[in-house]
Amino acid sequence: MIIKRLLMSVAALALSTGLAHAQYSDGKIKIGVLTDLSGTYSDLAGQGNVVAAQMAAEDAGGKINGMPIEIVSADHQNKADIASSIARKWYENEGVDAIADLVTTAAARAVREISKEKGKIDLISGAASLPLTNDWCSPTGFHWTYDNFATGAGTAASVTKQGGSSWFFLTADYAFGHDLQAQSERAIKANGGEIKGSVRHPFPNADFSSFLLQAQASGAKIIGLANAGADTINAIKQAKEFGITKNQNLVGLLIFISDIHSLGLETAQGMMLTTGFYWDIDDQTRAFAKRFAAKMNGRMPSMVQAGVYSAVSHYLKSIQAAKTDEGVKVADKMRELPIKDFFAKNGKLRPNGRMVHDMYLAQVKTPAESKGPWDYYKILRTIPGDEAFQPMSESTCPLTKK
Amino acid sequence: MTLLFGIPIQALFGQLLLGLINGAFYAMLSLGLALIFGLLNIINFTHGAQYMMGAFVAWLVLSHAGLGYWAALLLAPLLVGALGILIERTMLSRLYKLDHLYGLLLTFGLALVIEGGFRQLYGISGAPYAVPEELQGGWNLGFMYLPIYRGWVVLASLFLCLGTWLLIEKTKLGSYLRAATENPQLVQAFGVNVPVLVTLTYGFGVALAAIAGVMAAPIYSVNPLMGSNIIIVVFAVVVIGGMGSILGAIVTGFMLGLLEGLTKVFYPEAASTVIFVVMAIVLMIKPQGLFGKGS
Chain Y
412 MIIKRLLMSV
422 AALALSTGLA
432 HAQYSDGKIK
442 IGVLTDLSGT
452 YSDLAGQGNV
462 VAAQMAAEDA
472 GGKINGMPIE
482 IVSADHQNKA
492 DIASSIARKW
502 YENEGVDAIA
512 DLVTTAAARA
522 VREISKEKGK
532 IDLISGAASL
542 PLTNDWCSPT
552 GFHWTYDNFA
562 TGAGTAASVT
572 KQGGSSWFFL
582 TADYAFGHDL
592 QAQSERAIKA
602 NGGEIKGSVR
612 HPFPNADFSS
622 FLLQAQASGA
632 KIIGLANAGA
642 DTINAIKQAK
652 EFGITKNQNL
662 VGLLIFISDI
672 HSLGLETAQG
682 MMLTTGFYWD
692 IDDQTRAFAK
702 RFAAKMNGRM
712 PSMVQAGVYS
722 AVSHYLKSIQ
732 AAKTDEGVKV
742 ADKMRELPIK
752 DFFAKNGKLR
762 PNGRMVHDMY
772 LAQVKTPAES
782 KGPWDYYKIL
792 RTIPGDEAFQ
802 PMSESTCPLT
812 KK
Chain C
3 MTLLFGIPIQ
13 ALFGQLLLGL
23 INGAFYAMLS
33 LGLALIFGLL
43 NIINFTHGAQ
53 YMMGAFVAWL
63 VLSHAGLGYW
73 AALLLAPLLV
83 GALGILIERT
93 MLSRLYKLDH
103 LYGLLLTFGL
113 ALVIEGGFRQ
123 LYGISGAPYA
133 VPEELQGGWN
143 LGFMYLPIYR
153 GWVVLASLFL
163 CLGTWLLIEK
173 TKLGSYLRAA
183 TENPQLVQAF
193 GVNVPVLVTL
203 TYGFGVALAA
213 IAGVMAAPIY
223 SVNPLMGSNI
233 IIVVFAVVVI
243 GGMGSILGAI
253 VTGFMLGLLE
263 GLTKVFYPEA
273 ASTVIFVVMA
283 IVLMIKPQGL
293 FGKGS
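Note that the protein sequences, when read in sequence, are chains Y and C. In the working numbering, each number is its position in the first sequence, counted from 1, plus 411. In the working numbering, each number is its position in the second sequence, counted from 1, plus 2.
I should point out that these hints are in silico values taken from the structure, not numbers from a laboratory. Glycine included, every Cβ here is placed at the ideal spot set by N, Cα and C. Just to be clear, a hint being listed does not mean it is correct.
[Said to hold, decoys possible] Simulated coverage check for chain C against chain Y, where a stretch passes if three residues somewhere in it have a Cβ under 8 Å from a Cβ of chain Y:
#1 19-29
#2 119-130
#3 144-154
#4 220-233
#5 264-271
[As the list claims (entries may be wrong)] Partial list, derived from the structure: chain C residues whose beta carbon lies under 10 Å from chain Y:
#6 A13
#7 G16
#8 V133
[What the hints assert, rightly or not] The following label-pair restraints were derived from C-beta to C-beta distances:
#9 Y:E524 x C:E271: 25 to 33 Å
#10 C:Q122 x Y:R697: 24 to 32 Å
#11 Y:E503 x C:F278: 35 to 43 Å
#12 Y:D437 x C:G119: 34 to 42 Å
#13 C:L114 x Y:S436: 32 to 40 Å
#14 Y:K500 x C:L114: 19 to 27 Å
#15 C:S230 x Y:S576: 36 to 44 Å
Just chain C, same shape as in the assembly (with noise of 0.2 Å):
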């Protein structure tokens, strides 16, 4: 058996396999923070509660509607995207002349309120959620064996992320989203309706996450405080590709989390710091982040 830093070589593949399907997470969640970031200037805490929220859908509309996974994909981020466009409409807009502190501490506050409420009705240890049967069992890869499931998870998110970044960055609609957060009056003046555009932005972020929770689902347990675990490393991500940076976000978490599967190896006591370590490292050396403009 060849191997490589003396770890078999075929483990390690699995591991770097494993790592980039976290990262598939990590990314889709950094995806949301980023964009809302980027646009409306919030620092959206509420993130991990609204992943939480869409997998809890998932598992409410199978338990209570019958409603399978396919379903919950579709569903999950209109009801969750909507609860987000009225917390918009009703808090945050309000909130977009203070400063940033402002929308984090609300955005915080809604996300202790939401798991609150979660926990009263559905208590800690969370629900059952299966795999859906048509993505049941796994290929063999030789060096390791892989649950479709995760494969899908992965092809999913790189189509989410690459879909995302090509609606910003190259379509009419993502240049007036650009230009509306660089000048807000000048194009309303053009005959955009800037805060329309906002909201939308903003439910269109937190439906990502409920998709994440979602696909989360069938993997993680599903209870409460699933949103609260992820987030803070999510943050990370977020701020090592340089805040409000779609690229940046994308790229960040894939390579974190193939750099958290190496550090599983290696030494799995540290799995949970690597990344903050990472933060740290680029904060001192490039503030502004791996893909950041700068100030």
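This is chain Y alone, in the form it adopts within the complex (with noise of 0.2 Å):
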């Protein structure tokens, strides 16, 4: 476990000139970024997370009401086990406010309890499954960059209305794949598509000729992938190799821009996917990026990434504007304040806890039509917020149904 400890700005003189000690624990704002910071998912959240997180206090000036911002962040390797004695340690001895990203949605999950239980906020960004604004949500807890619904539905029903009426899945087999399909499947029926069939893929799987065969011999126009990270580029690698490609199309219900990276786009080119976030799309996203990609080896952000600093900022904007770091209070202010950054440029917080904002459908550039790296999508539409998030009224938030 790696643990690092940054301190932003600790200035002698904020801490003595401070207005509001008294509303504020301990004499800090700790806010813990708890990530995968050296397992699968650590291209897509992991050090690129602590650095967003980092530069959301940086821009709030290292401190808000004279009380310093700090920013801790640790290892959950993926397991829900360890995500959670961290966390428990962070809210009771090391006297950490907020805990940021939580990719994985059994990690998140497990320190969504523990927040709950102490009044104390989790700002997720990475985890995917739809459960965490219903059934699991919490008065202190929110999800901020996308979820199943948003990814996986936004873009199947793009495709079907495109004209790709048949379906059949390759599922990674765990929760999130099964998440994943269900409600993408959801999307396509309502759309009018018809599903051939699906396969379910061990968790991880190298070798997916098999599966693909398969895919092959249903005659489904579309092939949709309910898996990720390194699952969906040996589908996609192999797809390519095995000529499916020519007949059939696939599509990535969930793609990071680290897989199309890693997959390079003469591979990857074609493909649409749904995304809360891409670098290029106006002058402020490109700000970001550049000062986030020179503290990070030149990679540029992913939307998790990106959205870790969307939250922290809201967050912390929200801290100030409450006078207070309690917990309930600060929820309470987070959702009645508009959130307007170079990420979400009219977002909202709805009671449970959904951050709606606009995500965008996008086609991988063809070789030729990209000017360098990272330079990877087209974005064919933008879909409001209240469109690419599941409608309020299908919430299963005990929350809501008072």
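Each of the two chains sits in its own frame; use the hints to bring them together as a complex.
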């Protein structure tokens, strides 16, 4: 376990001129970034999330009402038990006020329970499962960047409308994959599409050729990939090798820019996907990405990393406005304030903790269209937040059923 | 369409062929492992990391020096094999007199260090590597489309396996090696430099892993964890075949690839466990493995 501490601008002056000591616990604002620093998700989340949180703290001036902001981080190794023990230690002994990222559903769910019990804030960016804002919702818990509904259903609906009327799924055989397939299937059926079949593959899995041949034999127009990371990369690489992409189209239901970087445009070109963020949308996103890349060896931010910046930054603004770091009060303030930054142009927080913002339907550029590394997406359409995310009327969050 | 067990027979042929291709990788990797265990009594847990390094060498020489697949196929085993020799000379050679467990712990630790280093340098999501131009495309066999590259992998793997088996079992050098494992003092007394022989054997086993890595680069995601994902399966293959039996490793590698291929048709969820079920059964009935000589 790696625990890094980074003290942000501990100005002695700031402490002595503190205005609101009484409302802030232990004289500082402490945010823990709990993420995968070493495993499968460490490129799309990982150290980039720590950097993003630090940038948010810097941009807030390093302190709020005189209280210094401190960012700490730890590796939960994608395991629920490790995540919960770190979260407990942080909340109980180390004065952490909020935990950000929590990639991997199992880790997010475990920490969600502890945060709820302690009245602390969680700012989930990396995890994908929809129940986080349904059955597992919390008054102090937020789900920021995307979920299976927004990426899976969003992509599936768009592709079905454009003529991708029959589908076959390759699904990772664990909770995330099942949820992603279910969300996508609903959107396909709602748009008049047909499900020709599906196969559940072990997780992780290196060889997809058997499954791809089954998908090919189904005759479906679209092969939906309800998996993530290396599984998606292997499936796409091998589909091209077997010539499947000549007659059928592959659709990744959860694709991150790091996956495209790893696949190369030659292999990934033409694929459609839904993303919550792309660095090359406007001047604001480019400015953020440039600063981020300078600290990350030239890597552009993923949507998860940009989401961590946005979430931490909104949390800090809300602390300032609420004049306290007490979880429930800050959470109320967070719901009250609009979210306006490079990531969410007109974001808002729903009572169930869902941060609603615009998503983007993108297509991967061909090598000829791309000007260089990280120039990967053509944005086909901006999906308005209310269309992109699950309608409030369908939410099963107990908090909203009063 | 003819059905066999409710599956179109063409689809079944297709899956069997795919199983054979996967088996080729299992065979290549377990061959190196069996060689190292059989002759050095070292359980080489670094094998997965060495396979991964082979794939990374292919990518590095392409992106930094513009050297393609064929050059990598030559360079990777040389470079990674040399690193293996360095590891053997400086570390492993001190452990031969101790229990197997020490070698296992050392190589396992080394694998973690190597994988951690690559993760730090190149990130986790891996690097792109395309199929070499000469081997792109495929043949339509009627029951399935066979990419030329996969056909090449099976042939190359068969060639390597056969070559290694002949080298160990049928040549004079091989007989020295086998003798050196039975009774090193005696072989040394005949004027054969046993430590050098042992070092070269380890280097050769590692080079085999690196070749498998280069062959895997165009098919699988080239990432620092690619070795640790496959190594557990390969260990199961070696255990089923009989620890240290080269023929056992080759035959079981291909057989289990086929079995896994079939499982992917009938019950895909179990595809990653079926090999371990077989391992458990074999260990219960024949603890020394299918081709093991017994202790």
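Take the segment 264-271 of chain C, compare each residue's beta carbon with every beta carbon of chain Y, and decide whether three or more fall closer than 8 Å.
The restraint on the segment 264-271 of chain C holds, since 4 of its residues have a Cβ under 8 Å from chain Y and three suffice.
Determine whether the Cβ-Cβ distance between C:Q122 and Y:R697 falls within the hinted range of 24 to 32 Å.
Hint holds: Cβ distance 28 Å, inside 24 to 32 Å.
Going by Cβ atoms only, is C:V133 closer than 10 Å to chain Y?
holds, 6 Å
Go check the segment 220-233 of chain C versus chain Y for me, would you? Three or more residues, Cβ under 8 Å, otherwise it fails.
Since 9 is at least three, the answer is holds.
Hint C:G16 vs chain Y: min CB-CB distance below 10 Å?
holds, 5 Å
Using the Cβ atoms, figure out if Y:E503 sits within 35 to 43 Å of C:F278.
40 Å Cβ-Cβ, so the 35 to 43 Å window holds.
Three-residue Cβ test at 8 Å for the coverage of the segment 144-154 of chain C by chain Y:
With 5 residues closer than 8 Å to chain Y, the segment 144-154 of chain C meets the three-residue bar; holds.
For the segment 19-29 of chain C, do at least 3 residues have a Cβ located nearer than 8 Å to some Cβ of chain Y?
holds (count 4)
Can the suggested window of 36 to 44 Å be confirmed for the beta-carbon pair C:S230 and Y:S576?
holds, 41 Å
Is the interface hint satisfied for C:A13? The criterion is a beta-carbon contact with chain Y at less than 10 Å.
holds, 6 Å
Are at least 3 residues of the segment 119-130 of chain C within less than 8 Å of chain Y when you compare beta carbons?
Holds: 7 residues of the segment 119-130 of chain C have a Cβ under 8 Å from chain Y.
For the range 25 to 33 Å, tell me whether the beta carbons of Y:E524 and C:E271 fit it or not.
Since the Cβ atoms of Y:E524 and C:E271 sit about 29 Å apart, the hinted range of 25 to 33 Å holds.
Comparing the model with each earlier hint shows no violations; every hint is respected.
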